[in-house]
Amino acid sequence: MVFWVNQALLSTTLMLAAFSMWRMGPAFKRSKFAGPVALIGLAGLLFLPEQPLYFESDYHRCEVISFCNNDGRESYLKVVFSSLFTISSAYIGCYAIIRGSRIYSERNLPMLATGWFLLSVSWWSIFQSTWFAEAYSRLDVLAWMVCFLFGTAATVYLFFVIIRYTEKNTPRDPPIQPLDENERRLVTEMVRRNMVGGK
Amino acid sequence: MVSFEFSFAGIGSLGAMMLIALVFFSYFFAIHLIVTWNPYHRPVIPLISSLILSLGPMLAMAMETDGSSSISQMLEVAFLFTTLGLGVIVLWMPIILAVVTFQMIIVSRKSPSEDPLMEMLDN
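Those protein sequences? They're chains H and Y, same order as listed. Sequential numbering from 1 applies to the first sequence in the working numbering. Sequential numbering from 1001 applies to the second sequence in the working numbering.
Just chain Y, with the same shape it has in the complex (with noise of 0.2 Å):
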């Protein structure tokens, strides 16, 4: 059985919260490392540290209760910690529009400026 209980060794749920953004940024920098290959920006080692940091989370929190694990319940706990992650981003989103709101009234009222890259380039 899987309890979704956050306490980790004391620390309480805003320790936890803190877990959950290092895996969902972890699992996402994995995922991004993956989808955008290449080989002179060296992603081995950050891949497997992201890998690590990502799944070695879920792994435990899969094996917490009873000691084992299952793929099953690997997907369950990852679901778990990408939609918290989400949440808490989702939750950042009144702040996060105040700020482009505010950006977008500076560049309604912007006029463009003299820039001597732009008559280098007509030139």
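Chain H extracted, bound-state conformation (with noise of 0.2 Å):
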């Protein structure tokens, strides 16, 4: 068992249900665990630890794969950073922007410059990395990226097929009752929230 390889996977895990956790629920009230689960994944990925030493048992483990040692580690290690690092530095940017605009409110140029700014540092970084060009000059990477495409959408096919016949084979329920005067009020303040940015 390789501890680094396990902290990873799990940290990970933690990223993707913290994702899905924030995703559930209403706009405004969003699952409270979401956010500490999602630090504990975000530290556990950036703090991985080293490789087995000579005396520790799962030394002789990394000889025979290849992930194990150290190089990989540091690789796996520079490819989590720089994404991170593009993908918040988006997502920030990318909010300012939102919020900037005159979507929700009036037009606040100050919050839309800082998110330009946020989203060409973003760009930046992609041009930075030599990763991205080396991977988009070689047609067998582009091919691995189209059938990945592939790949998805047969998966989110496959799962649409799944959840129709789980729909449509499971007993059905009664018909729901309308909503009552506090569910109503309850729907009025999410569109309102959703729409006027929460004023």
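Keep in mind that the hints were calculated from the coordinates and are not lab data. Be aware that one or more of the hints could be misleading.
[Said to hold, decoys possible] So the derived list for chain Y, only partly shown, Cβ under 10 Å to chain H, looks like this:
id: 1; residue: Met1017
id: 2; residue: Leu1055
id: 3; residue: Phe1079
id: 4; residue: Thr1083
None of these values were measured; they are calculated from a predicted model. Idealized CB from N, CA, C, for every residue including glycine.
Grab the two chains, each in its own frame, and use the hints to assemble them into the complex.
Written as structure tokens, this is what we have:
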């Protein structure tokens, strides 16, 4: 058992779980656990333990699997760090652009400019990475990417069929009651918060 | 010994990438159904399907060499599948970012539209 590999897997799982938790529920009442779970996952990804030493029981395992040694770990960390930097700057930049534009309220030029600056930083980090240039100049890597897309589409279709089968072949629930006054107010509040920026 | 040469029944690495996508998204879907458990979504059949689709290939690959498997081998294969899946998603990042940037250009130039729903809320 290689410890850093297991920690990386657990942390990735926690990040995926946090993402799912964050996207569930009404827009103004997301799961309270999503943030802490994401932080634990992120910390686990960034602070990976080193390769086992020669006197540890896992040491010989690293001789037979290619990604276990310190080189593999450093390559993994490099990709994680650069991806996180690109994604976080793009995410904050987009958020600032949306808040600074005239969609929800009056235009806020400093906010808009900050957003575009952060989005440019994200592009800059991509152009700094030799990884993308190398990958995009290789035909086999481009073919992998396209095949991954086909695999993704096939998976989505497969789950669509499975969910449709489940919906058709399980007992139907009785028709629900119309919204009462409290629920109607809740839906109105939800729409208001989504469409006028929480005002 | 775990070997990570991807060649499944002569399909080669292109078929392997499709399999990685299948395993990765099935794994993600299984996690999603578990952490957001809601009986009204009827999650049992989708959850069992996603667990079979994600754990089946992992188990097959862990058993590929000597016909036996251990938890540690399973975890290593799971790490490999999730890392490769995320790696290919990261490879798509410049294209995704180009689409997002285009959307942000539209958002920056957009002005709020007259909306009857907003009027209804105000009244």
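Evaluation of the provided hints:
{"no.": "1", "hint": "Met1017", "verdict": "holds, 4 Å"}
{"no.": "2", "hint": "Leu1055", "verdict": "violated, 13 Å"}
{"no.": "3", "hint": "Phe1079", "verdict": "holds, 4 Å"}
{"no.": "4", "hint": "Thr1083", "verdict": "holds, 7 Å"}
Checked against the numbered hints above, the structure breaks only hint 2 and satisfies the rest.
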